[in-house]
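The two chains are supplied separately, each in an independent frame; assemble them into the complex guided by the hints.
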Amino acid sequence: MHPPESWGRYPIARQAAVRVAWRRDPLPRVHGTLLPFGQGRSYGDCCLNDGGTLLDTSRLDRFIQFDEQTGVLRCEAGTRIADILDLLVPRGWFVPVVPGTRFVSVGGAIANDIHGKNHFSAGTFGRHVLRLELLRSTGERAVCSPEENPESFAATVAGLGLTGLITWAELQLRRVKGPFIDAETIPFGGLDEFFAVDAESSRKSEYTVAWCDPRPRGVRGLYFRGDHSRREGAAPALREPPGFPLDLPAFVVSGPTTAAFNWAYYALGRSRSGRRQVRYVPFFFPLDAVGRWNRVYGKRGFLQFQCVVKERAAVEALLDRVASSGLSTSLGVLKTFGELPSPGMLSFPRPGVTVALDFPNDGERVFALLDALEAIVAEAGGALYPAKDARMSPRTFAAGYPRAAEFERHVDPAFSSSFWRRVRSA
Amino acid sequence: MTRVLVLGATSAIAQEAARLYAARGAALFLVARNAERLQAIADDLRVRGASVATAVADLDDPAVHEQLLQGASPLDIVLLAHGVLGDAEEVDRDAAAAEAVLRTNLVGPVLLLNCAARVLEEQGRGTIVALSSVAGDRGRASNAVYGASKAGLSAFLSGLRNRLSSAGVRVVTVKPGFVDTPMTARLPKNPLYSSPRRVARDLVRAVDRERDVVYTPWWWRWIMLAVRLLPERIFKRLSL
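Chains A and B supply the protein sequences, listed in that same order.
27 is the number of the first residue of the first sequence in my numbering; add one for each residue after it.
39 is the number of the first residue of the second sequence in my numbering; add one for each residue after it.
One chain only, chain B, in its complex shape (with noise of 0.2 angstroms):
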C-alpha cells in the first residue's frame, strides 16, 4: 500500500491528488491547520476507498516537524501543496505580510522537506513532489516577492534532487501554470487557466513516471521558455 503525506491537504491540488491516490487505496496522512476542513476532505478520501490519518498543524511552525514526518514514517511519498499567493499591493507595501509569504512558500517548506529528506534518506526510498510555480522561472512586476518564494523553492527542490539521487530518493519539481483555486479566487481568468484536477493529474503522472521538473499544462514550459529567453533590457518595461 503506497504512504503519502499531504502537507496542506486542505489545497484544491492537493485534494485531487489525494483523490487519485485514494482511489489507489492508498494510506494518507493529512496536515492542515484547519480541523473542520480536514475532516470533511478525510471523509471524502476514505469513502473513495483511502485510510486516512489526520494532523492538524500550522506548517509555517518549524517545531513541528519533525514530529510530523517520524508520525507518518515510513512514507513512499511526500507531497507538499501549501502556499499562499498574497495581496501583490499589500506584499509590496507590508513587511509582515511580505515576510508571511516567504515563510509559507519557502523557509517552512524548505525546513519541513529538509526534515522528509533525513527521514527517506533513511529508508533508501521515497518521493518528495512539491508544487512549485511557473512564477518561479523569472520574477514579475505583479508578484515578485511570489515569484522570489517559488524560485527559491525551485532552487532548492534542484538542490535536494542533487543531494538525494544518490540515496534512491526522488524529487519532483511541478510546476503549475494558473489554477482555478482558491488562491486565485480573487483574479479575472483567462483562457490560460486549468483546473486542479488537471494540475493533479499530471502531478501524479510526474511521480508514476519519475520526472524531475513538469510543467502543468505541458504548455508552460514552452511559454516560460520564451519568457526566461527574453533580454531583462526588454522584460522590465513590460507589464506582465
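Excised from the complex, chain A in its bound form (with noise of 0.2 angstroms):
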C-alpha cells in the first residue's frame, strides 16, 4: 500500500495508479498518459509516469489455461514469475527463463524482454512468448505473435509498457525433473580468471553467472554454474519472505560496510565452493531471501549500473573505474550473453558481457561516476539495461538502440513513461 515507486526508488516520480482488475475492462479514461505497471520492480524510471497515471496490473494475475502436456501457459499479464513456479514446479514444469528475482509480472517481463543465468542457451524471456494480446487506448484488442502482427509484437517485447497494455501472455515451460538444482561455485580473481572459467562453464552448464568485487588490486567473485537436477520430489513453495521492516539511514550502506559486506560474502562463498545440490529459490533468486531489500538503502535509494558490451578491453575499464572511485559497489554482476537473438525492437541483450553494479544514492559523487561508465560504455559501442537505468542520455540510448526509431511508430500516443520522455528529450 506504498505509492508507487521504482525499485531503486530513485527518481521520485507523482503520478496517480488506477487498477485494472479484469482483462475485458477497457483502459480507464484519464487525463494526462498511462503506462502498465506491474510489480516495481525495474530500478529506475522506466516504471513511473512522472504526471501521469499507471495501469497497476497486480490484480490481473489469473492463470487462464494450462495445457499439462504441452506446456503451454496462458496467464493474465499481471501474474508473478513466482505463482507460476508456485503452482507448476510440482507439476514438473519452469518458466523458460527467470530474471534475479522471482517476483515480476509477466507483463514486465515481457516490456523489459529479460534475460536469466542461461542466456547461452535459452536467449531472452520474448523468445518463449507464443502470443499475447495487446489492448491500445484506441480500444483495439490485437493479439500479437511473431506470426500474427509481428511488428507489434517486435515493438511490444522490451517495448517498455509504450505500446499499449498487455492483457494476457501466453508462455511456452520447460519441464524439469524436480526442484533442485545441481549448483557449483567457484572462486575466481582477476578477469583471466573470469574469461577462462566462463568459457568452460557456458559450454556444460545452462545457467551460468558471477558475483564480483571490482577493487584496486583487480576483480574478484564468486562463479556460479548449474544445471536442473535429475533428481525427482517435491520442495514446500517457500513463504513469502516478510518484508524489511524499516528504511535504513543512509549511514548503513555506504563504503566501510559495503566493503566489509563484500569481503564476507566473498569469504563465505569460498569457504562454501565446490558442487552441492540447492532448491531453485536460493539458486536463481538469492536476494528474495529478503522482502522489499531495496529498503536497506533507505529513503534516498540506490543505483543500478547494468550495460553490455562487446569487447574485454571496455570491461576491464569499467572494473578499473570502479575500483579506482573510492566508491563501492553494494552488488556486482559479471555475466556473458550469447549469440541467440533477442525479438524485441528495444531489447537490451545482445552478443558481449554485461556489467551490474549498485550504488547506494549518494548524490553526485555517485552520479559523477556513472556518467564516467556510461561514457566508457558509449565509446565502447554497448548500450545500458532501460530495466535498471534512471539517468542515460537520449545519446547514449540512441546508439545503442538503433532500432528506436522503428519502435517509436508503435508507441501508443496515450502511452508515456518518465524514461521514454527522458532518453527521447531533443
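Because the hints were derived from the structure by calculation, they are not lab data.
Even for Gly, the Cβ is constructed at its ideal location relative to N, Cα and C.
Some clues are possibly wrong.
[To be verified] To list a few chain A residues with every Cβ distance to chain B over 10 angstroms, as calculated:
{"hint": "1", "residue": "ARG40"}
{"hint": "2", "residue": "GLN91"}
{"hint": "3", "residue": "GLY118"}
{"hint": "4", "residue": "GLU210"}
{"hint": "5", "residue": "LYS230"}
{"hint": "6", "residue": "THR284"}
{"hint": "7", "residue": "PHE311"}
[Claimed, not checked] In silico contact screen, one side only, chain B against chain A (beta carbon under 10 angstroms); selected entries:
{"hint": "8", "residue": "THR48"}
{"hint": "9", "residue": "ASP82"}
{"hint": "10", "residue": "GLY87"}
{"hint": "11", "residue": "PRO220"}
{"hint": "12", "residue": "ALA223"}
This is the structure in C-alpha cells:
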C-alpha cells in the first residue's frame, strides 16, 4: 500500500494509479498519459510516469489455461513468475527464463525482455512468449505473436509498456524433473580467471553468472553455475519473505559497510565453494530471501548500472574505473550473453559481457561515476539496460538502440513514461 | 474432497480464499452476477487445481437461493462474501440507495444463510463462513447504513451459530478492517489497510481452526474493543 515507486527508489515521481483488475475491461479514461505498472521491480524510471497515470496490474493475475502435455501456459499479464513457479514446479514445469527475482510480473518480463542466467541456451524471455494480447488506447485489441502482427510483437517485447497494455500472454514452459539445481561455486581472482571459467562453463552448464567485487588490486568474485537436477521429488513452496521493516538511514550502506559485506560474502562463498545440490529458489533468487530489501538503502534509494559491451577491454576499463573511484559497489554481477537474437526492437541482451553494479545513491559522487561509466560504454559501442537505468543520456540511448525510431511508430499516443520522455528529449 | 460454495465469487477476498481452497484440490461452486468475470475466476481456479462449477445469479433475489443451495449440495463450506459499501452521502439522502445496501448486505444474506443452514442442518455437518466487518461493531457517521447492515449481519450470524451448534454446523464470523479492494477503491488509503490475500488467509485459517468470530488482521480486535468501550457521550462528538 505504498505509493508506486521503482525498485531503486530513484527518481521520485508523482503520478496517479488506477487498478486494472479484469482483462476485458476497457482502459480507464484519464487526463494525461498511461503506463502499465507490474510489480515495480524495474530500478529506474521506466516503470514510472511522472504527472501521468499508472495502470496497476497487480490484480490482473489470473491463470487462464495450462496444457499439461505441451507446457503452454496462458495467464494474465500481472501474474508473477513466483506464482507460476509455485504452482507448476511441483507438476514438473519451469519458466524458461527467470530474472534475479521471482517477484516480477509476466507483463514486466515481456516489456523489459528480461534475461536470465541461461542466456546462452535460452535467449531472452520474449523468445518463449508464443502470443500476447495488446490493448491499445483506441480500444482495439490485437493478438500479437512472431507470426501474427509480428511488428507489434517485436515492438511490445522490450517495449517498456509503451505500445499499450498487455492483458494476457501465452508462454512456453520447459520440463524439469524437480525443484533442485546441481550447483557449483568457483572463486576467481582477476578477469583472466573469470573468462577462463566462463568459457568452460558456458559450454557445459545451462545457468551461469558471477558475483564480483571490483577492487583496486583487481576484481575478485564467485562464479556460479548450475543445471536442473535429475533428482525428482518435491520441495514445499516457500512462504513469501517478510518485508524489510524500515528504511535504514543513509550511513548504514556506505563505503566501509559495503566493503565489509563484499569481503564477508566472498569469504563465505569461497569457504562453501564446490558442488552442491540446492533448491531453485536460493540458486536463482538469492535476494528474494528478504522482501523489499531495497529499503536497506533508505529513502534516498540506490542506482544500478547495467551495461553490455562486446570487448574485454571495456569490461576492464569499467571495473578499473569503479575500483579507483573510491566508491564501493554494494553488489556487482558479471555475465556473458550468448548469440541467440533477442526478439524485441528495444531488447537489451546482445552478444558480449554484461556488467551490473549497485551503488547507494549518495548524490553527485555517484552521478559523476555513472557518467564516467556511461562514457566508457558509449565509447565501446555498448548499451545500457533501460530496466535498470535512471540517468542515461538520449544520445547513449539512441546509440545503444538503433531501432528506437522504428519502435517509436508503435508507441501508443496515450502511453508514455518518465524514462521515455527522458531518453527521447531533444 | 472439500466442497465449497462461494457466494459473491468475484469479490477480491472471495477470489483469494477460493485460490487457497483450489490449492487443496477442492470442488468449488462459484456464484456471482457478472458472467464474464466469473468465467475468468473459474478458469484461474481450474488451473490451480480445483474442480469448478459456476452459476450466474443475483443473490439479492431470494427466489434463486433454494435452487442454488440444492444444486451445490452436499457442501462442506458455504462462504458468503458479497457486499456493497454504498456511497455514504448518497445513502444518507436517497432511500433507494440505503435500501439497496441493506438488501445486499443484510436481507439477502439472512435469507440465503437461513437457506444454507437448512441444507447443512440436514447433512448434520458443515461450516458457514461470512464476511461481516469491523464497521458492524459500532455505528459511525461516515457509514451508518453500511455499519448497520454489518451489525445486523454479525448479530444474525451469532444467532445462527447459537441455533446450529447442537446440529453440528459451525458458523464463522469474519470481521475484516479496511481492505484494499474494489469496494474501497475510491477511498484514500492509510497504513491500516490490508490486502485481500491476507484477509483470505485469516478466513481460511479461521474455518480450519473452527473459530467463531475472527478479526482480520488480528489487531482489529483490540482497536474495536477500544472503540466499543468509548462512552456514547464522547463517541458522538468524534468525527470517525
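Each hint tested on the structure:
1. Taking the minimum C-beta to C-beta distance to chain B, about 15 angstroms, the non-interface status of A:ARG40 holds against the 10 angstroms cut.
2. With a least beta-carbon separation of about 7 angstroms from chain B, A:GLN91 fails to lie farther than 10 angstroms from that chain, contradicting its non-interface assignment.
3. The claim that A:GLY118 is not at the interface with chain B holds, since no C-beta of that chain comes within 10 angstroms of its own (minimum 14 angstroms).
4. A cut-off of 10 angstroms between C-beta atoms confirms that A:GLU210 is not in contact with chain B; the least separation is 34 angstroms.
5. With a closest Cβ-Cβ approach of about 35 angstroms to chain B, A:LYS230 is found to remain outside the 10 angstroms limit, as its non-interface label requires.
6. With a least beta-carbon separation of about 31 angstroms from chain B, A:THR284 lies farther than 10 angstroms from that chain, consistent with its non-interface assignment.
7. The beta carbon of A:PHE311 sits about 20 angstroms from the closest Cβ of chain B, which is more than 10 angstroms, so the claim that it is off the interface holds.
8. Because the closest C-beta pair between B:THR48 and chain A is about 9 angstroms apart, less than 10 angstroms, the hint holds.
9. Satisfaction of the interface hint for B:ASP82 is found here, the shortest Cβ-Cβ separation to chain A being roughly 4 angstroms, below the 10 angstroms cut-off.
10. A hinted interface residue such as B:GLY87 counts as satisfied when its beta carbon comes closer than 10 angstroms to some beta carbon of chain A; here the least separation is about 8 angstroms, so the hint holds.
11. Nearest Cβ of chain A to the Cβ of B:PRO220: about 7 angstroms, under the 10 angstroms cut. The hint holds.
12. The closest approach between the C-beta of B:ALA223 and any C-beta of chain A is roughly 7 angstroms, which is under the 10 angstroms cut-off, so the hint is satisfied.
Hint compliance for this structure: hint 2 alone is broken.
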